[in-house]
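Sequences listed follow chains S and E, in order. Counting in the working numbering, the first sequence runs from 1 upward without gaps. Counting in the working numbering, the second sequence runs from 1 upward without gaps.
Treat the hints as calculated values from the structure; they're not laboratory data. Any given hint could turn out to be false.
What the hints assert, rightly or not - With a cut-off of at most 25 Å between alpha-carbon atoms, the simulated DSS-like pairs for lysine-lysine come out as follows:
hint	chain 1	residue 1	chain 2	residue 2
1	S	Lys19	S	Lys9
2	S	Lys36	S	Lys9
3	S	Lys36	S	Lys19
4	S	Lys38	E	Lys102
5	S	Lys22	S	Lys38
6	E	Lys69	S	Lys53
7	S	Lys40	E	Lys49
8	E	Lys102	S	Lys41
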Amino acid sequence: DTEVTQTPKHLVMGMTNKKSLKCEQHMGHRAMYWYKQKAKKPPELMFVYSYEKLSINESVPSRFSPECPNSSLLNLHLHALQPEDSALYLCASSSPSGGETQYFGPGTRLLVL
Amino acid sequence: AQSVTQLDSQVPVFEEAPVELRCNYSSSVSVYLFWYVQYPNQGLQLLLKYLSGSTLVKGINGFEAEFNKSQTSFHLRKPSVHISDTAEYFCAVIGGGTSYGKLTFGQGTILTVHP
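Work the whole structure out from these sequences, hints included.
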């Protein structure tokens, strides 16, 4: 089973709201990722967690706050977002050995009004 | 640093025709190479990967790719496409060194299969 699940599928929020995106995998992977994908563009890496510790932050604004409560779960907390943050947010997981395949979830389509 | 170039942004083709989507990469270290497919409003699905071994890699849905180290290419091919293959295709690379674990994507190729 190579399934990564993400909730919610769609999210609409105002600029003053606080919301969270959730990602879950049960493949025993110890690396998890958040990507942001704008329309007609490739995914851009935001954060990497390895063994539940943040290992890469690609200079993401602090209005995005990742959290890895355990090895199967990854959250992305959103606060005071801007309309330009509207995008598809993708979660992925892999074994944390660099060359291992990343498996992606279906994504959360976020619209910031 | 590593980079990926997908040479065609759009590829139109008729159903049952063969197709090749081109991908070139640059890296100063050994790399692992991937092709992902993204259908409209969906996430990325792994088509195939090259980690080591045989340079001809077979994937799902009848796709295959050949790793060519001397030409730093990893072109994706399918001998006969279907309407359902219409999607966006991304070539991606992971290398060692400072880019360890970081997947770098090409800009994507939109494949449109016409009846």
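Here's how the hints hold up against the structure:
1. S:Lys19 - S:Lys9: holds (13 Å)
2. S:Lys36 - S:Lys9: Within the cut-off at roughly 14 Å; holds.
3. S:Lys36 - S:Lys19: The hint holds at about 16 Å.
4. S:Lys38 - E:Lys102: Since the Cα atoms of Lys38 of chain S and Lys102 of chain E sit roughly 19 Å apart, the hinted pair holds (cutoff 25 Å).
5. S:Lys22 - S:Lys38: holds (19 Å)
6. E:Lys69 - S:Lys53: Violated, because 35 Å separates the two Cα atoms, which is more than 25 Å.
7. S:Lys40 - E:Lys49: holds (23 Å)
8. E:Lys102 - S:Lys41: holds (17 Å)
Violated hint for the displayed structure: number 6, the only one.
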